[in-house]
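There are 2 protein chains.
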Amino acid sequence: MNNNVLTELDEQAVHYIAVGAAVLGTGGGGDPHIGKLMAIEAIRKYGPVRLLQPDELADDDLVVPLSMIGAPTVMNEKIPSAEQMTKPLDLLERELGRKVTAIMPIEVGGGNSLVPVIAAAERGIPMLDADAMGRAFPESQMVTFYLDGYDCSPITMADERGNAVLMHAVDGIWEERMARAVTIQMGGSASICDYPVTGAQAKRSVVRNTLTQAYEIGRTLYLSKERKQNPIEALLKQLSGYALFHGKAVDIRRRTEGGFTRGEAVFDGTDAQKGRTMKLYFQNEFLLATEDGKSLAVTPDLIALLDQDTGMPITTENLKYGARVTAVGFPCDPKWRTPKGLETVGPQYFGYDTSYVPIEVLAEGKGGAAHE
Amino acid sequence: MNNNVLTELDEQAVHYIAVGAAVLGTGGGGDPHIGKLMAIEAIRKYGPVRLLQPDELADDDLVVPLSMIGAPTVMNEKIPSAEQMTKPLDLLERELGRKVTAIMPIEVGGGNSLVPVIAAAERGIPMLDADAMGRAFPESQMVTFYLDGYDCSPITMADERGNAVLMHAVDGIWEERMARAVTIQMGGSASICDYPVTGAQAKRSVVRNTLTQAYEIGRTLYLSKERKQNPIEALLKQLSGYALFHGKAVDIRRRTEGGFTRGEAVFDGTDAQKGRTMKLYFQNEFLLATEDGKSLAVTPDLIALLDQDTGMPITTENLKYGARVTAVGFPCDPKWRTPKGLETVGPQYFGYDTSYVPIEVLAEGKGGAAHE
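Top to bottom, those sequences are chains A and B.
Every number in my numbering is 113 more than the matching position in the first sequence, counting from 1.
Every number in my numbering is 113 more than the matching position in the second sequence, counting from 1.
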């Protein structure tokens, strides 16, 4: 990645970010297609969105994350309305009695990196080049703001029918319970603002430059062909990532339950990995990759599935039988490797009977084993 | 019943109303014990509550129903906090930008007739001698305000931990879905304000004098002993009601699911009804009484279970194996016998495969059959 940061989001940037954010979104983070279409429509109508770096914020600015909550399975079918995208902001401003300075994505994801673009364009306010995960996670409390002890309230939600909810939750865990229950009743997906933060809080807590990073990833994948590069190799180099497995999807169990897309997928090895098998576990996002019961990559480190030919990311929702993929992994933001981070998003929280081992360590072990 | 109306709620009145409202609450309407204790505590601390008749309201007054939502099973175990009882009012006043003129019960019930007393006493505002059902029903849209097409929003909710929710629902059906889902997450019960109405709307739509009526019923049951009356006979005379069945509970299936207490109970006949069997179906409230598959009484008409000796009402939650009871029935408010009323609370809505027949008609048929 180069050291330049994006300062404006136009149509081209949205194209790149949709793809790059889907890589960092580790299979989840909302549907890339819907988010992209709505963001492009908003930019055509209202013009490009100015992108802010956290350090440009004043300490008492009001920064508000805006996203879609729910199962990606549903978002593919139940298209959000444009009005639904700004309503949580309206409700929040009314509750707080002040205007929002900047909107930010709560997570990186093909959908949720772009949802704020829709509202920022319409409102003519800037968007922050940052998020509160540095990837995507399935539950509301899985944000750096929660690790830093920030108040998640007021929380505002809307559906496409005109239902709207404002909540004050005791903490992020209670927010997750109540907001998820409301989401299910709203038909499985809803727009939401939570963790409104001050400029000072944002500067201390966000994961920086994740929109710029998504842009660069998308650009690499789109341009690799004309540069005659292997897209996956270019990407791994750019992100200091690891190729975990080359395989073909032979078994996919996916269910929509409790407001999530949950399941596991099995891949038979291809190429150098013929005869081997990888299992991938997910809850909206890919959370654990194993081979013969041994971890290849473990949440909170990032796991992405890429099309073997194009390098394009595949979401948990769009993974299909027979797909030829390369599973890749990247180290997560250091905040997730702290005790509170691992308690919040480590494998045991999700019910996987394994311990967290950093992907760098696993990759070395695997490298060793491969030479046996 | 005499024609005098209550003008003030003191400790004595609360005692009578708790019992009388549990009769009209048809087995549900919230737990009478907790409601009574909290109302008496509030009256001791803040003094008696003034009772208003609907005609005393100005057209632009703001009248707000306050109640507990959830499964009675849970309310017995999870005691609400006093703060929780006024919080939905605070949230509503803030949202509407004006003060509440009077509080009213949303339904008649041992608990929910008294919940508004707690807030009215603390706030020093009057309470309306009326409700929006004339009995108790399990779901939020089952109110005369819904039949009259009033807006149920804003809706405000609180739990005992400090979680609070404000909702704008498209209609009462959406309120029920979302509020029920939040209630389940809040641990199975919550305090709620919904259907805030103007004085003019209240005058047009409420079921009148239901607190006075509950008071008179409670007084009859308490005083029958010293008056050497049979309490049940006195009650039936007072309410123009019908004795449906004398029996002993031999089978009770009760489950807490979807935020409700659901189930059915079987009674073997005693006295003149020896050898016969009654089945009683409930969802928080008793909704259908049958004998050999034939209806004895059908929702929306009222069904209550009374202790054979004392005449005291038995809730769906407190019904115990071996209890000797008399099932009684009363005609419902005429609003429920309209097509929209029956669509909203008739037997088919609850999934019972039977048609509504007014209790007066059923009682005559049964009288006839008994003479065969």
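Wrong hints could be hidden among the right ones.
If you only want the chain B side, here are some residues facing chain A, beta carbon under 8 Å, derived [said to hold, decoys possible]:
(1) G275
(2) V278
(3) R290
(4) A294
(5) K338
(6) G406
Some chain B residues flagged as far from chain A (calculated, every beta-carbon gap over 10 Å) [as the list claims (entries may be wrong)]:
(7) G262
(8) Q298
(9) E477
Calculated from the structure, these hints are not laboratory results.
Since this is a predicted model, take the numbers as computed values, not measurements.
Heads up, the beta-carbon is just placed ideally off N, CA and C, and yes, glycines get one too.
Structure-based check of each hint:
| no. | hint | result |
| --- | --- | --- |
| 1 | G275 | 5 Å, holds |
| 2 | V278 | 5 Å, holds |
| 3 | R290 | 4 Å, holds |
| 4 | A294 | 4 Å, holds |
| 5 | K338 | 48 Å, violated |
| 6 | G406 | 35 Å, violated |
| 7 | G262 | 16 Å, holds |
| 8 | Q298 | 4 Å, violated |
| 9 | E477 | 44 Å, holds |
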